[in-house]
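Protein chains in written order, with my numbering: chain A, 136 to 420; chain C, 579 to 1113; chain F, -12 to 266; chain V, 28 to 248.
Treat the hints with care, since some could be wrong.
What the hints assert, rightly or not - Keeping only pairs whose Cα atoms sit at most 30 Å apart, straight-line, the calculated DSS-like set for lysine-lysine is:
#1 257/A to 357/A
#2 30/F to 885/C
#3 165/V to 412/A
#4 127/F to 94/V
Stated by the list, open to error - To spell it out: a stretch of chain C is covered by chain V in this simulated footprint if at least three of its residues, at any positions, have a beta carbon under 8 Å from a beta carbon of chain V; those stretches are:
#5 821 to 831
#6 854 to 867
#7 1039 to 1047
Stated by the list, open to error - Just a sample of chain F residues kept apart from chain V, beta carbon distances all over 10 Å, derived:
#8 109
#9 221
#10 243
For the record, the hints were derived by calculation from the structure and aren't laboratory data.
None of the values given here were measured: they were computed from a predicted structure.
Where a beta carbon is used, it is the ideal one built from N, C-alpha and C, also for glycine.
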Amino acid sequence: MRTPEINRKRFELARRCVYVVIALAVIIPYFFNPKQEFKPMAEVVSVYEKIDAMKPGDQVLMAFDYDPSSEAELYPMSMALLRHCFKKGVIPVIVTHWFAGLGLFEKACNEAAEDANSMWGKKIVSGRDYALLGFRPGWTDLIVKIERDLKGAYETDYFKQPTRGMKALEGVNSLEDFELMIDLAAGATVEFWIAYGTDKSGTPMAAGTTAVSAPDLYPFYKSGQMIGFMGGLRGAADYEKLLKIPDRGERGMLAQSAAHIIIILLVLGANVHMFAKRLFGNKRD
Amino acid sequence: MRKSAAVIVKPLTTLAVIALAAMLPAGRVAAQTRPATTTQATTQRAILAEAIPVAESLRAFDLPNDGGKGIIVQWAKPADEPNGVTYIVQIARTKADFQAGKFETQEVSPSPKALASAKPAYFGYSDDANKLYYAEIVPAAVFGPAKPGPLTPERLKKFADKGVLTPSELDRALAAMKLLPQPAPTTKPTTSPAAKEQHKLTPAQQAELEWYQVLAAYLTKLDGEHVDAEIDTINSAPYSFRLGVKLDGQVALVSHDGEPIVVEAQAVVNLFKWGKLNNLILSLAFSAVVVAFIQVAKRKPGLFIRKIAGLEAIDEAIGRATEMDRPVFFTHGSGSVTALPVIASLNILSRIAYRAAEHDSRVRVMNQDPITTAVSQEIVQQAYTEAGRPDAYNPDEVSLVASDQFSYVAAVSGRMVREEPGAIFLMGTFGADSLLLSETGASTGAIQIAGTDSYTQLPFFVTTCDYTLMGEELYAASAYLSREPRLLGSLRGQDVGKAFIMIVLVLGIILFTAAAAVKGWDLDWLRRLLEASNA
Amino acid sequence: MPDDLQDNPKSIIRHYVEMGVLALLLVVFLAVSLWRQDPLHQKDAAATMKAIGLILAAGLTLTMYSFLYRDNPLFKIAENLYVGVALGYMAMFVWRQALRPMVYEPIFHAPTWSALQTALLHKTVPIIVGFMLLTRLSRKHGWISRYAYALMIGWAAGLAIPNITNTYILKQLYAAVTPLQQAITSAPNTPAFSYDWFVGTAGPVVGTLVILIGTVSVLFYFFFSVEHKKVGRAVSTVGIWFLMVSFGASFGYTVMGRLSLLIGRVQFLLDEWLKIPST
Amino acid sequence: MFLKRTLPLLIVFTIGSLAFVHDFIPHPLSGEFRSEMASWMMIIGGFGMFLGVYSLMHMHITRIRQKMAGWGYSVFVFIGAVGMIATGVYGDIVGVSKDDIDLFDWGYKYIQVPCGATIFSILAFFVASAAFRTFRAKNMAAGLLLGAAVIVMFGRVPICEAVGGWVFNDRQAIVNVANAIMNYPNLAVKRGLLLGIGLAAIAQSVRVLFGVERTYLGGAD
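Please put together the full structure from these sequences, using the hints given.
Here it is in structure tokens:
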């Protein structure tokens, strides 16, 4: 086992060296921007195609279930999705289980609306072209409620406007009325949405998650409970690539490549060191 | 030669027209079809005659397993289905309405999705379902309810007549209505005219307008409820149906002796979702198994559980902490006391505290949830008492350090660095805090034992801790240590469930693979058993 | 001064040196911030507040990273301020997004008498139960909150059984038993042992078998009713191998996510605080 | 005893059975019932959040009042919380127009957002150092862990397509291997775990419904 004092000092030194190397690997690529070629992953393509095939005026229920701490991974996804919706005239209806992200979601809507104005000359108005419904407590109960009665769960939206009679919500009042449900989640909400929402209503479901929970989505994806998903910053980059609007996702890919290579080299180096020690019979350690 | 070319080309153009028609609103369909010439008409008649389904196969019945919304019309797929035909279902309130021409039409274009096999919940999985077409008809979608118009003074008065508004409220609403911004003909992109108009109002008027908007929302809600009630009435009435085939604007109805056949059906409110029968049976069976084994475990305390790696390590770690005269740290992560792994970890805590009390080493418990803290205090105190050292218990050592994920991490990390524990137990529910804690813990040189069912976090524990109780191993460990019947029994029940699943997996794959090779073996029963459905 | 520095003169000196370095860094940080953000020469109050905000945000970001080197007073201040702001934000949003629209407005801002009656009909019970939940704070009357817990937990448990059976068990089981059949029936007609055959036919069939073996062995690993000996031992070892591959994959995938978070912060610092445009 | 233990357990059983049964009934009234209960739970949940706010506030106030070790730092918690609440209430009552500075938003944007994102991003360093320290192919299991991690890590960044094109003459070669790991062994394990979790969650619910599990009631009596 570990712990003699010398080992701990070496351990601390190694740790800090790794920190510095990682910091450099992330900072340096910021100043370079070579063209990065990559093919979007199939999971992401199916989400993109689903939205791209929608008609103007179709509604998509989006749950932005994250907060500022996961901003780096999920905010680019939100932006890409919102831009895509605004471009196609699809109406995103945004709900959340995480109140702490609300300020971010408002910002995302405003930014995407400005982009729509500058890129396609579309004027995006809250309540008509999108609905930011905001937060309600209750976790699974919120989903159970939305599954049947969205306007009952949200009598008013985030801007205190009544949802009944709202243009953006015309013709939708339960989950099955939506063409698609997308959950951008930093936690376990995807599974809640599947179990208590889309599996019951039959609405197609997609998700975007932080990279840590993306591997857990494969069973749902392969069983058809989900049409596709975006995992981590790479998922966002793929979507941006499909949408042809490069932003933070694609911009981060070089740093991502660099840091991954560094970590792989560190790990392989350490292994080579270990095997070399074994082979040449170092007595210490 | 030319004729046969027409036979090939015609259906293709028809297909294109149908595809176009599907994209356009229904009313425009007629405009898209050109009148057919005489020779084409004769060929079409021949094709249509071929396409008409067998009269006996036409049936209409209540859509099963729903709340009285839909009716199903089904008919057999003609043996030789010509290209380009569309089926039409004509829906009327009574038989007589057909003669009067008062009926609506729903089109079904032939595709695998229109086949009964696309809805196994209603038609099963047998090959026969591939020979049936069906149309799901929701009367309210065909004979839609009257849409309530916008709020007008007249409609407000009607609400007042119904008693929804008191006379004074009516007057107030009428007055507020006049303050509403008039729709301006031009819209400027910068500020909406509504916003501009509102700037001119006095604060009192503004308040009235806001009140009116709340009222309008409330009245819209009542309208919605009214429409819902109307939809229910429309759906629950009996309806008559005729079936026809359509080709390029020509329609031929399914007839008997020259008389179009009319079938009738009425939607009924059902009381059980038969498609979920498998779910009900499985849920009840599994529940019964769990409850039964809990009873068994209560009577026979010695239910077998296999040894779990990492359990001996608990004693070893405590022993080592004692040797080095360092404290033992324990955290539950971020779960509340209702979370399964927290309950399990509380049992392990009890054991650890008992051991630590025996060895005379200190235990620090750090929590993120006030209720978990209270329960932990009780448990540690009891463990100290059982070990015969009630005086050594210090309630300050079991404490709430923060109730927010990242500040909790910071507080616990700080203590780890400062107090240098000999052993660290991380057992419970973990999120992103898992690696933050275990990596800091590793830097202190303590033995770390983790246990969680938060699967996303397991990779980090596995890499940074000395031992990790993965998933259900945590429950098993806690049952093993505490001999608690409710845990032992339900663990055994879960094992039965797992055995069942393993058998189904292996047998299922063998059977389905065999069925794919043998023609006509549809395995309807097995699919019905496994397919999850919500109807 | 931290408690762990007793009377050791060496560590006291070190402590003061560290504090000095910290103060120096703080001065450098403020100088750079004033230079790049220039809050004093902005066109209006909003721009000034934005500049100050960016300086604060950058300062907090750097302070948080200082924990990687060692715990320090600035970090503690930043961390506690963060906890406080998060708490205040939460308190406001419990009100703004939960209690106000769901409880306060339907009752106190009911537009009409009949609307008030409807609201009371639907909200009275949950409000009472909600207040019962608050009794948890009292030692003496804490037991009343049990009714609220009973209602919430009973409801959640009852709902969970059929829905979890549906989503976690039935859907997954069905997805797990069908593919081999699909792989055979939907396999493209390609010559055996060609590249396309490996990708189109052999791949999915082998993959399906891998999934079957993996799922069964993992389930068996978590099987506690029998001792893992002989065959059982082999199966559970295979289960462990599968677990390790999956953990490795998760770890690898997660590295990506965790790095993205760092990239996000670096982009913030360089782009918004230092105003260095990215190429 | 009846009021403190039996009645709550009876409520659990009754309400749980109702929730269970109504999932199998297609009748519209049954849907109404579920919907109404869900709104109740949402309101109760709102009160539950208040509980969290209160207990944390209470804890820090006590720390300051009793001058516990490090209480000075608790003052900052207090400053943050009170500042946010005060500006928020001000915004609600007086109202902040679009052109004014909303201090509540300001606090959120420049304190909460950067702090949360930064603390979380520290994990990037930890993940790297954990990988560096512990990924050693000492035995079969560790080797598999290491191999899968390296392949997936590499297969998820764009550069692997360039390397794949260069080494294997197929840009997707490494990506395909990474995808195969995700799609087959990873899927198998995750599915196995999911089935296990499903069973465990159902068993837990059954224990709760039948009153076998009652830790959540808390307290001894």
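Exercise. So which hints don't hold here, by number, going up?
Worked result: The structure conflicts with hints 1, 2, 5, 8 and 10, although it agrees with all the remaining ones.
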